[in-house]
Amino acid sequence: MSLPQDLKYTKSHEWVRTDENGDTATIGITDHAQDELGDVVFVELPSVGDTFDKGETFGTVESVKAVSDLYAPIAGEVVEVNSALEDSPEKINEDPYGEGWILKLKTSGDSGDLLSAADYEKVMEEGD
Amino acid sequence: MANLRRTPLYDEHKNLGAKLVDFAGYEMPVQYSGIKSEHEAVRNRAGLFDVSHMGEVFFRGPDAEAAVQRLVTRDVSRLAEGQAGYAAVCYESGGTVDDVLVYKRPGAEYMIVVNAANREKDIEHFRENVPGLDVEISDESDEWSLIAAQGPEAVEMLETFTETDLASVKYYRFVEGEIAGKRAIISRTGYTGEDGFELYLANDDAPEVWRSLVEAGAAPAGLGARDTLRLEAGMCLYGNELDADTSPLEAGISFAVHLTKDVEFIGQGALLRQDADGLDRKLVAFEVEGRGIARHGHTVTDGAEIVGEVTSGTMSPTLGAAIGLALVAPTTPDRFEVIIRDNPIPAKIVELPFYKREK
Chain A
232 MSLPQDLKYT
242 KSHEWVRTDE
252 NGDTATIGIT
262 DHAQDELGDV
272 VFVELPSVGD
282 TFDKGETFGT
292 VESVKAVSDL
302 YAPIAGEVVE
312 VNSALEDSPE
322 KINEDPYGEG
332 WILKLKTSGD
342 SGDLLSAADY
352 EKVMEEGD
Chain B
512 MANLRRTPLY
522 DEHKNLGAKL
532 VDFAGYEMPV
542 QYSGIKSEHE
552 AVRNRAGLFD
562 VSHMGEVFFR
572 GPDAEAAVQR
582 LVTRDVSRLA
592 EGQAGYAAVC
602 YESGGTVDDV
612 LVYKRPGAEY
622 MIVVNAANRE
632 KDIEHFRENV
642 PGLDVEISDE
652 SDEWSLIAAQ
662 GPEAVEMLET
672 FTETDLASVK
682 YYRFVEGEIA
692 GKRAIISRTG
702 YTGEDGFELY
712 LANDDAPEVW
722 RSLVEAGAAP
732 AGLGARDTLR
742 LEAGMCLYGN
752 ELDADTSPLE
762 AGISFAVHLT
772 KDVEFIGQGA
782 LLRQDADGLD
792 RKLVAFEVEG
802 RGIARHGHTV
812 TDGAEIVGEV
822 TSGTMSPTLG
832 AAIGLALVAP
842 TTPDRFEVII
852 RDNPIPAKIV
862 ELPFYKREK
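Sequence lines, in order, name chains A and B. Residues are numbered in the numbering used here as their position in the first sequence, beginning at 1, plus a constant of 231. Residues are numbered in the numbering used here as their position in the second sequence, beginning at 1, plus a constant of 511.
Keep in mind the hints are simulated off the structure, nothing from the lab. Incorrect hints may appear among the rest.
[As the list claims (entries may be wrong)] Where chain B lies over chain A, by a calculated footprint (3+ residues, C-beta under 8 Å):
1) 270-276
2) 294-305
[As the list claims (entries may be wrong)] A few chain B residues that don't get close to chain A, going by computed Cβ distances all over 12 Å:
3) ASN526
4) VAL541
5) GLU549
6) GLU667
7) TYR682
8) ARG694
9) ASP738
10) PHE766
11) SER827
12) ILE851
13) ASN854
[To be verified] Each computed SDA-like pair below joins lysine to any residue, with the alpha-carbon atoms no more than 25 Å apart:
14) LYS530(B) <-> ARG248(A)
15) LYS530(B) <-> LYS285(A)
16) LYS859(B) <-> VAL279(A)
17) LYS530(B) <-> GLU352(A)
18) LYS530(B) <-> GLU357(A)
19) LYS242(A) <-> LYS530(B)
20) LYS525(B) <-> GLU551(B)
21) LYS353(A) <-> ASP318(A)
22) LYS681(B) <-> LYS870(B)
23) LYS859(B) <-> LYS242(A)
24) LYS525(B) <-> PHE273(A)
25) LYS525(B) <-> GLY269(A)
26) LYS530(B) <-> GLY269(A)
27) LYS525(B) <-> MET355(A)
28) LYS530(B) <-> SER299(A)
29) LYS525(B) <-> GLY358(A)
None of these values were measured; they are calculated from a predicted model. Where a beta carbon is used, it is the ideal one built from N, C-alpha and C, also for glycine.
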């Protein structure tokens with residue numbers, strides 16, 4: 232299972248990549264999460280300009296069998312969504328940390344309690 | 512997964528890297544390579560399912576036929592020896608106990624194949640409702656494994672493993688023979704909308720037959736693909752389309768109900784009344800026109816009032832569209848709305864089945 236060391240993670244299996252300035256965070260779901268879900272067939276995305284509190288539901292990913300809510304790892308305003316997922320939701324399976332990214336949030340930068348890769352790995356082990 | 516039962520093919524599933532889930536108290540493979548690829552393998556080539564969790568109940572004795580006639584909605588006296596028929600088992604209310612396959616075997620013996628989740632309930636219902644009849648009802652589920660080989664190349668593949676002339680076994684007929692050197696009931700039935708056979712085998716023989724077919728190129732397919740395949744084929748699933756509050760007429764399987772059969776069956780009175788008075792609900796097939804996937808339990812409205820509920824819904828791998836079945840009021844218009852996460856999403860009624868194979 233792929234687990235990039237430079238990303239931050241949540242217990243609900245999202246990943247977060249913060250840009251150099253620390254004010255924009257790209258968010259997706261982890262390789263482990265896409266593997267658990269199976270073939271992703273539908274993604275419901277928010278609109279640019281929507282704002283979310285930390286932990287709030289910002290969208291939904293559906294596989295053939297399962298429906299899974301997405302939770303904002305940090306608070307922020309949506310500045311971009313990956314609209315390519317509307318036609319090609321399978322990108323989440325194929326490239327979860329790359330072309331399968333879900334949205335970008337403009338954030339005030341409080342990412343204090345996000346998990347390191349090592350900590351997330353422990354969460355996965357406990358989950359099994 | 513504690514206390515779950517395993518089929519004789521459990522080790523095969525483990526070795527094939529299946530994802531296992533609790534299904535009706537059994538640890539069953541939901542997928543191997545992925546639901547979509549397994550679905551496509553069955554539609555285009557050949558797939559292999561372990562459905563050993565299904566139950567096999569035998570009716571023997573002088574009144575075996577009379578007992579089955581009393582218990583199921585189909586007139587089984589019309590079945591030839593070596594023929595199987597789809598039927599419902601009903602309560603007096605007309606609600607459904609289970610949907611089953613009835614096999615008429617040599618020697619006036621019947622085998623009823625029941626859903627795993629309903630097995631104990633069914634056996635109890637069977638035994639309670641045959642007073643005064645000289646019949647032995649024998650639950651032999653734990654002695655049988657069941658492998659379904661389905662898909663356009665399945666028959667050709669099976670032919671290389673048997674002396675039996677499979678081409679002469681017509682749809683919903685069965686014979687006894689050997690597959691890969693193992694005794695089997697070879698039944699031209701299935702739950703996918705494709706041609707193929709279901710193989711009833713002794714537990715000890717099942718792993719070798721399974722391995723032979725996998726080596727010959729059949730794709731192992733899990734319960735996930737089984738569900739998308741049966742839904743595209745417009746087949747009912749007990750617990751979704753059918754339950755104790757839903758009659759087989761409402762669920763659209765009147766072809767399995769012989770309302771006027773000579774021998775009275777449990778629920779006949781209620782079903783005759785429903786037929787005469789008109790149904791309160793009907794099963795419809797629909798395609799979602801907006802963005803979203805309808806799922807079991809979602810509410811259906813006519814734009815103003817609630818008119819029913821989605822019984823099954825998925826993204827159809829073959830059609831690339833969100834499809835579903837719903838139980839709705841008979842007056843429901845051809846275009847309606849499904850409430851998906853608080854949003855009304857437009858859907859339209861379409862004809863069943865969603866998918867029909869080319870013959």
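- Message: Under the constraints set out in the numbered hints, which ones does this structure not fulfil?
- Response: Violated: hints 4, 5, 9, 11, 12, 13, 14, 15, 16, 21, 23 and 24.
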